[in-house]
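> The lines below spell out each chain.
Protein chains: 2
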Amino acid sequence: MYTPSVQTLIDELARLPGIGPKSAQRIAFYILKSDKERALRLADAIVECKEKVSFCESCFNLSESRLCGICSDKDRDRSVICLVEEPRDVIAIEKTKEYRGLYHVLGGVLNPIDGIGPDKIRVRELLKRLSGNSGINEVIVCTNPNLEGEATALYLARLLADSGITVSRLASGLPVGGDLEYADELTLGRALVGRRVLIGGER
Amino acid sequence: MYTPSVQTLIDELARLPGIGPKSAQRIAFYILKSDKERALRLADAIVECKEKVSFCESCFNLSESRLCGICSDKDRDRSVICLVEEPRDVIAIEKTKEYRGLYHVLGGVLNPIDGIGPDKIRVRELLKRLSGNSGINEVIVCTNPNLEGEATALYLARLLADSGITVSRLASGLPVGGDLEYADELTLGRALVGRRVLIGGER
Chain U
1 MYTPSVQTLI DELARLPGIG PKSAQRIAFY ILKSDKERAL RLADAIVECK
51 EKVSFCESCF NLSESRLCGI CSDKDRDRSV ICLVEEPRDV IAIEKTKEYR
101 GLYHVLGGVL NPIDGIGPDK IRVRELLKRL SGNSGINEVI VCTNPNLEGE
151 ATALYLARLL ADSGITVSRL ASGLPVGGDL EYADELTLGR ALVGRRVLIG
201 GER
Chain F
1 MYTPSVQTLI DELARLPGIG PKSAQRIAFY ILKSDKERAL RLADAIVECK
51 EKVSFCESCF NLSESRLCGI CSDKDRDRSV ICLVEEPRDV IAIEKTKEYR
101 GLYHVLGGVL NPIDGIGPDK IRVRELLKRL SGNSGINEVI VCTNPNLEGE
151 ATALYLARLL ADSGITVSRL ASGLPVGGDL EYADELTLGR ALVGRRVLIG
201 GER
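Note that the protein sequences, when read in sequence, are chains U and F.
Position one of the first sequence corresponds to residue 1 (UniProt numbering), numbered consecutively onward.
Position one of the second sequence corresponds to residue 1 (UniProt numbering), numbered consecutively onward.
Honestly, the hints are just simulated from the structure, not real lab data.
Where a beta carbon is used, it is the ideal one built from N, C-alpha and C, also for glycine.
Careful: at least some of the hints might be erroneous.
[Said to hold, decoys possible] The calculated lysine-lysine pairs, modelled on BS3-like cross-linking and capped at a C-alpha distance of 25 Å, are:
(1) F:LYS52 x U:LYS36
(2) F:LYS97 x F:LYS74
(3) F:LYS120 x U:LYS36
(4) U:LYS36 x F:LYS36
(5) F:LYS95 x U:LYS22
[As the list claims (entries may be wrong)] Sample of chain U residues lacking proximity to chain F, with all beta carbon distances greater than 12 Å (derived):
(6) SER5
(7) GLU181
(8) VAL193
Sequences and hints are given; from them, build the entire structure.
Here it is as structure tokens:
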């Protein structure tokens, strides 16, 4: 029904995450209607991204040079490393403006069912960074708070148990602005266990 | 926070219809993670579409040659023309498999507020197609059933009043599988006015 090029464009667009056949058609017609220069800007942006962007040699964050902007920033705290699954998690943490240390992007989490063991994620590279006189004294494990993320955190905590490096984990609890009534029992349970003392002695 | 190429890609993606900043980020990271060949296929599809696809000389549907597949199909009924706003409407009508005639894509509807008069949509080209010994005896106006679509239909009906060509309009009524309770009063009113006789004499 569509011409071959239009059909190819719709098929390629429909492969993108979160884009169904209807959205793909809508976007294809938008591209057809928009002026050529603007449409080619999108094509160029894709090509440029694939050609220029690779991984930082140190933390494996996305980078257009040997070291990423964070690793090459002299003002960052080099004694702490935040362990994340994907480059997008670096962006999420950077947006909080609460963290001034370095990162290490694992590129995934342990998942025995999918056959992803420690050799498939960047654990070896992490150990190399931590070895010798690295000056790193804390690793914050920021994998997602789900089954695989927790298992990976536990695995890494055990792996680093004798290294003398503090291994910490992101707090679990109620989201800010959330509602007790709608919190699932696991989250509420974690919030209880991890409660903070507001006044009074130690816990 | 992103590298320049990634930021450019996200910005370009976020310009597409129905894609917000979050989806744009998600798609950008998907493109960065997918293998180069696949990502470049999308870029190529965009370039190819803009280079190859233009308008059919007769009906102004999208086409990769002088005449579109429908206009050059010898088996189509050449006595009836379906008037639509956009090429995507051709696809919608073709999908019904109820229509075997030709099309004419107006490229918009009359909209005095936005300054779109008959000279901005392909009315002149329609009159040219209908003039002389065209063999066309019916024009079905398939503009959208909204204010601008109805006004355009009325305008065209008046324009062709003395041509001897039948001008018809898509039926308005309840959508199949719809519910009386949830139908708006305008639609229900139209369904009443346009009621079909199931048994008995003429209306």
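> For the pair supplied as a hint, F:LYS120 and U:LYS36, is the alpha-carbon distance within the 25 Å limit?
Holds: F:LYS120 and U:LYS36 sit about 20 Å apart, inside 25 Å.
> Is the claim that U:SER5 lies outside the interface with chain F correct, judged by CB distances over 12 Å?
violated, 5 Å
> CA of F:LYS95 to CA of U:LYS22, is that 25 Å or under?
Given that 25 Å is the threshold and the Cα spacing comes to 14 Å, the pair holds.
> Taking 12 Å as the cut and beta carbons as the points, is U:GLU181 off the interface with chain F?
Non-interface label stands for U:GLU181: nearest chain F Cβ at 26 Å, farther than 12 Å.
> Is the straight-line distance between the alpha-carbon of F:LYS52 and that of U:LYS36 25 Å or less?
holds, 12 Å
> Do the alpha carbons of F:LYS97 and F:LYS74 lie within 25 Å of each other, as the hint requires?
Holds, at roughly 17 Å.
> Checking one constraint from the list: CA of U:LYS36 to CA of F:LYS36, max 25 Å. Satisfied?
Within the cut-off at roughly 24 Å; holds.
> Beyond 12 Å from chain F, beta-carbon-wise, is U:VAL193?
Nearest chain F Cβ is 31 Å from U:VAL193, so the label holds.
Checked against the numbered hints listed earlier, the structure breaks hint 6 alone; every other hint is satisfied.
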